[in-house]
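Student: Model the placement of chains B and C on the given structure of chain A, informed by the hints.
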Amino acid sequence: MARGVKKAKKPAKKAAVRRRPLVQGYGREAGFPISLAMRAGDYVFTSAQGDHEFDPAMVKYDARGLVVSDGNTLPSRTVADETRSALRSLDQALRLAGCTLEDVVDASVWLRDPRDFHEMNKAYGEFFKKNQPTRSIFRIDFMFDCRVEIKVTAYKPR
Amino acid sequence: MARGVKKAKKPAKKAAVRRRPLVQGYGREAGFPISLAMRAGDYVFTSAQGDHEFDPAMVKYDARGLVVSDGNTLPSRTVADETRSALRSLDQALRLAGCTLEDVVDASVWLRDPRDFHEMNKAYGEFFKKNQPTRSIFRIDFMFDCRVEIKVTAYKPR
Amino acid sequence: MARGVKKAKKPAKKAAVRRRPLVQGYGREAGFPISLAMRAGDYVFTSAQGDHEFDPAMVKYDARGLVVSDGNTLPSRTVADETRSALRSLDQALRLAGCTLEDVVDASVWLRDPRDFHEMNKAYGEFFKKNQPTRSIFRIDFMFDCRVEIKVTAYKPR
Chain A
-13 MARGVKKAKK
-3 PAKKAAVRRR
7 PLVQGYGREA
17 GFPISLAMRA
27 GDYVFTSAQG
37 DHEFDPAMVK
47 YDARGLVVSD
57 GNTLPSRTVA
67 DETRSALRSL
77 DQALRLAGCT
87 LEDVVDASVW
97 LRDPRDFHEM
107 NKAYGEFFKK
117 NQPTRSIFRI
127 DFMFDCRVEI
137 KVTAYKPR
Chain B
-13 MARGVKKAKK
-3 PAKKAAVRRR
7 PLVQGYGREA
17 GFPISLAMRA
27 GDYVFTSAQG
37 DHEFDPAMVK
47 YDARGLVVSD
57 GNTLPSRTVA
67 DETRSALRSL
77 DQALRLAGCT
87 LEDVVDASVW
97 LRDPRDFHEM
107 NKAYGEFFKK
117 NQPTRSIFRI
127 DFMFDCRVEI
137 KVTAYKPR
Chain C
-13 MARGVKKAKK
-3 PAKKAAVRRR
7 PLVQGYGREA
17 GFPISLAMRA
27 GDYVFTSAQG
37 DHEFDPAMVK
47 YDARGLVVSD
57 GNTLPSRTVA
67 DETRSALRSL
77 DQALRLAGCT
87 LEDVVDASVW
97 LRDPRDFHEM
107 NKAYGEFFKK
117 NQPTRSIFRI
127 DFMFDCRVEI
137 KVTAYKPR
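Chains as they are written, first to last, in the numbering used here: chain A, -13 to 144; chain B, -13 to 144; chain C, -13 to 144.
Next up, chain A with everything else stripped away, as it sits in the complex (with noise of 0.2 angstroms):
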């Protein structure tokens, strides 16, 4: 940025950045060999999140094998709070990996209850306003004891 120097004549060489491909996992959750962001490249992929903690000493199925409960201890809460509480989750272990739910280019979401959906549509609405992902939505059964989870992926060049 100083230019003023007098002879330099030759233009200054721009560093010839040599574009390393990056990989790395960042986040950690006990019990599961994954990471909670990982790193590829320009991209930036996550595990699904959703509001619940998981004890698998006291998960409890029902017949078909369903999970009936989880073993957590959360208070009750809506599915607008769940949204909410999975989008929060989103975006920690994405700044981890030098990114934020801005940076998101394409969403997932799965919920138990498909009479979930209009309330979870609105509060995911409150964390897109601008250039909105694309995404996918889904009735499943989850593994652990919530009304939605939420995957995201997004894309910040270094």
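The set of hints was computed from the structure by calculation and includes no laboratory data. C-beta: ideal position from N, C-alpha, C; glycine also.
So, partial list: chain B residues that the calculated Cβ filter (under 7 angstroms) puts toward chain A:
#, residue
1, I20
2, M24
3, A26
4, G27
5, S33
6, A34
7, D127
8, M129
Tutor: For chains B and C alone, kept in the frame of chain A given last:
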């Protein structure tokens, strides 16, 4: 840039085109805080598409919360029809972002009824004749009144 | 390459290696219009893999349309066996495209029965010891007669 030097014999250097990161959403759907397609660098993501309409005021659920009707007034149609419709919708979304189904590299397919597999598989194959994308397929419950949904990722460097 | 010219004082210019976009599918499965792996730029996508065979003429469904049998003649095996088999199949597919499980950055796991979680989780962990991929896991119904399916995305710049 202004290089009015006289004896410019040497071939003009190619403009050093800086690779510009591009993140851009395309397409909207009323009531959904999403884009139908999103370009992020060399990839284009899509939201899952199914052959359905959706009138929030008219959705009917069964006792388990599954969608019985989403208020649409679409005519009766086969799974092959629905598959082709979903892929055409995806192609339209991709075109907004500067690519087509020919650039698809990965796909996900969801069916409401596994018995629809063969009919879907055949119709799907009509659209992907060469360099066929990877694909994953599952039975799932939809938020909407349709029998198949499809989501794709395309690769189209600018 | 022939550089025997005498007065070559100027440092030889590096060959301007043009970054070539590469899209290439690898591997086939009879009856499926898909690739088992697909390289697109620096990433390699896979189709979901499970430890199953599939004979379209022999598939049996229950009243809800769920797959009871897919005609395979595989021996009885544990979820850990199936997990390892799926991951080995994914490794084979990735190798066709020039990478391995070590290059995986994101994974999705689906289980037919949530009670299989711990056994799957332990076997899965054997394959991912460091820089562990992000992972999402759900209960789902399969098109095929197996208890676990896995899909991965790898990052391996050329």
